[in-house]
Amino acid sequence: MSSVWLPCGDYHQNYAEDQGWWQSRFIKGKMLLLLLVVFVGIPVFGGEYGMSVGTMIGYTAMGALGVQLLIGYSGLLTLGHAAFIAVGAYTSTMLILQFPWPQFLLDLGLAYPVSLIVAGIVAGLWSVLFGLPSVKVKGFYLILTTMAAQFITVDFILTQYISQIGGRGQAFSLPPGTIKIGPWVVDDELSVYILMAVLLTLMVIVLANLLRSKPGRAWVAIRDNDIAAEALGINIVWYKLLSFFVAGFMAGIAGAFWVCNTAALSPEHFQWFLSLWLVGVILIGGVGSIQGAIFGSIFMVLVMELLQMAAIPLAAYFPKILVDFAYIKDMAFGLAICAFLIYEPNGLAYRWWQAKNYFNLWPFSY
Amino acid sequence: MELFLMSLTTGIMVGGIYALVALGWVLIYKCSGVLNLAMGELTIIGAYVSYTFHSIGVPFVPAVLLTLMVGIVLGILTERIFLDKLIGEPILAVIMVTVGLSFFLKGLVGYLWGSDTRVFDPPVFDIKPISVGFLQISPVYLWSFILSIVLLIVFVCFFKYTRWGLSMQATADDETAALSLGVSARFVYAAAWAIAFMSAGVGGALLGNINGINVSVGYLGLLVLPAVVLGGLNSVPGAIVGGILIGLLQNFSGTYLDQYFPGGVKEIVPFAFMAVFLLFKPYGLWGWERIERV
Chain A
21 MSSVWLPCGD
31 YHQNYAEDQG
41 WWQSRFIKGK
51 MLLLLLVVFV
61 GIPVFGGEYG
71 MSVGTMIGYT
81 AMGALGVQLL
91 IGYSGLLTLG
101 HAAFIAVGAY
111 TSTMLILQFP
121 WPQFLLDLGL
131 AYPVSLIVAG
141 IVAGLWSVLF
151 GLPSVKVKGF
161 YLILTTMAAQ
171 FITVDFILTQ
181 YISQIGGRGQ
191 AFSLPPGTIK
201 IGPWVVDDEL
211 SVYILMAVLL
221 TLMVIVLANL
231 LRSKPGRAWV
241 AIRDNDIAAE
251 ALGINIVWYK
261 LLSFFVAGFM
271 AGIAGAFWVC
281 NTAALSPEHF
291 QWFLSLWLVG
301 VILIGGVGSI
311 QGAIFGSIFM
321 VLVMELLQMA
331 AIPLAAYFPK
341 ILVDFAYIKD
351 MAFGLAICAF
361 LIYEPNGLAY
371 RWWQAKNYFN
381 LWPFSY
Chain B
3 MELFLMSLTT
13 GIMVGGIYAL
23 VALGWVLIYK
33 CSGVLNLAMG
43 ELTIIGAYVS
53 YTFHSIGVPF
63 VPAVLLTLMV
73 GIVLGILTER
83 IFLDKLIGEP
93 ILAVIMVTVG
103 LSFFLKGLVG
113 YLWGSDTRVF
123 DPPVFDIKPI
133 SVGFLQISPV
143 YLWSFILSIV
153 LLIVFVCFFK
163 YTRWGLSMQA
173 TADDETAALS
183 LGVSARFVYA
193 AAWAIAFMSA
203 GVGGALLGNI
213 NGINVSVGYL
223 GLLVLPAVVL
233 GGLNSVPGAI
243 VGGILIGLLQ
253 NFSGTYLDQY
263 FPGGVKEIVP
273 FAFMAVFLLF
283 KPYGLWGWER
293 IERV
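From first to last, the protein sequence lines stand for chains A and B. If you read the first sequence in the working numbering, its first letter stands for residue 21, the second for the next number, and so on. If you read the second sequence in the working numbering, its first letter stands for residue 3, the second for the next number, and so on.
Since the hints were made in silico from the structure, they are not lab data. Please note that a few of the clues may not be correct.
Pair by pair, the computed Cβ-Cβ distance ranges are [stated by the list, open to error]: (1) B:Ser117 x A:Gln374: 54 to 64 angstroms; (2) A:Gln374 x B:Ile155: 49 to 59 angstroms; (3) B:Asp86 x A:Leu342: 32 to 42 angstroms; (4) B:Phe189 x A:Val155: 53 to 63 angstroms.
Cut-off 30 angstroms, straight-line C-alpha distance, at most; resulting in silico cross-link-like pairs (DSS-like, lysine-lysine) [claimed, not checked]: (5) A:Lys158 x B:Lys268; (6) B:Lys268 x B:Lys283; (7) B:Lys130 x B:Lys283; (8) B:Lys283 x A:Lys156; (9) A:Lys156 x B:Lys130.
Predicted model only: the values in this text are computed from it and were never measured. Idealized CB from N, CA, C, for every residue including glycine.
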């Protein structure tokens, strides 16, 4: 936020100005244009396919924002974020399917919104539970405890116990029309896309606001040097756990949103792969910036879509490609992470920042 | 009682294989400070390469030796291509490169060998268990245990008495000092990765003989993480003890806890145990404690 370009001689005079969102009319216009593109442009011109890709990007970004908060802003390495997304998804589904909702709530269409929020809270608390070791350990050890969260939650509790409720075996499916917000039924590409856009916008706003207020400053201080932060009087236990709660909450919302996209739920959607994928997304996008999470999601989803598109014509020559597409995807993802870490460790967000700076000074670079 | 002894012996034997893989992990960490999350994939590669040699008619022991050769080459290549450029980068970057590597290797293995379970054919080890008193031990476990103990002794001697082992220890202790004394750090890192690939290769070949080879062998490779945490990240004996303890823990929980928590409790217990253990002893049994200052 504070890296906004100002004409020579203009200075920010206080923190509020420095952190302000609408620092110039240009930025305001740019953001409004972005919202216009997201809410009107893609639904109108993108068609079904554009919207489904957009939904995928949004879902990835929602998860990645939480990971970005943990890794990029609080310095708490996590490789188990899919577990919290899964907790959110399952909480919301179980509430919708099993909870004895009073009839008036169903009539008002509040079941899904309520379950969305409960899912966020449950996932947040679950994330705090596995964040507890962060009080004592950090770095690599925290990776191990979050990995434990992944295996315990998804491979054990969800697969072996929760999935057995109601005798359905593996997958849960929601009857069509169950997911509605007020009178608005979320059941086709357009409504899912709009719901995604609204949720993602809200999340970005909430996260950006958190980051420029007291908790955000505390998180960054903890990330940079936790002992120094403690000496400055920051309650690091509280802020670390708060970071886990907020990240878990966002993951829960993302999971509850995912339910309305697929209308079916199985532990396979939340394997360790997803956790690693989300970390990869923020590494590619750029660690420590909200834009980074979004750029990373856009990049990864688009690259995978392009790979898929390229695979179909190539399959005429190499028939093995379509069969083994999942493996090729894995390889591409792995190589992308390695290449970015080796050659562009600052991620796409840094490139974006460079490009902006270039055009701010253009055509006279001095 | 019989059940107890059965779980005990099986636990120790399986633990031997984990110890072997954990050894490779600790070596990499000791020499280059890289926390390797791709150990599972290294194990799968070892399993498939030895399987491939075996299936084209090479007897098992030469096949394993050839796997070791391939392991050396792959280890040096991996180090040179991916990790050489990351010396001195932040810990997350290095860990995530190994994660990227694990995706790449997993995809590559899947592409080359497919997802079907492969079985060593003809079976390498006798299926008929050896009876010691009333205990039944299948030969695979026995051999892998013996092999890991032998390799442990070899590694300890290697570290203590050979020139390369000493230079690896020196690099682990203080890279700058080692460099100034003429130790080639790049050589040491390459050697560490080669050794890791080799030990994962042997571990993979043995694990592949137990249940056949598929992607789940890689999951078994992930079990080295609880093992090394338990033993302490930079302790060679710790890796052995940790590996055996994890094997025991798995088998005892499979025997006694399964009736209370049906379904894969065996796979989860090491990770749950690790999460709790970290709260009390974050540096493991014999790891170096680091005192942090501002």
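To see whether the hints hold, each was checked on the structure:
Roughly 42 angstroms separates the CB atoms of B:Ser117 and A:Gln374, a value that falls outside the hinted 54 to 64 angstroms. Checking the proposed 49 to 59 angstroms range against A:Gln374 and B:Ile155 shows it holds: the Cβ atoms sit about 55 angstroms from each other. B:Asp86 and A:Leu342 have their C-beta atoms about 36 angstroms apart, which keeps the hinted 32 to 42 angstroms range intact. Between B:Phe189 and A:Val155, the C-beta spacing of about 40 angstroms breaks the proposed range 53 to 63 angstroms.
Taking the CA atoms of A:Lys158 and B:Lys268, the gap is near 27 angstroms; set against the 30 angstroms cutoff, the hint holds. Restraint check for B:Lys268 and B:Lys283: satisfied, since their Cα atoms lie roughly 23 angstroms apart, inside the 30 angstroms limit. With a C-alpha separation of about 42 angstroms, the suggested pairing of B:Lys130 with B:Lys283 is violated against the 30 angstroms cut-off. This hinted pair checks out: B:Lys283 and A:Lys156 have alpha carbons roughly 9 angstroms apart, not beyond 30 angstroms.
Among the hinted pairs, A:Lys156 with B:Lys130 is inconsistent with the structure: their alpha-carbon atoms are about 48 angstroms apart, more than 30 angstroms.
In terms of the numbered hints stated before, the structure departs from hints 1, 4, 7 and 9, listed from lowest to highest.
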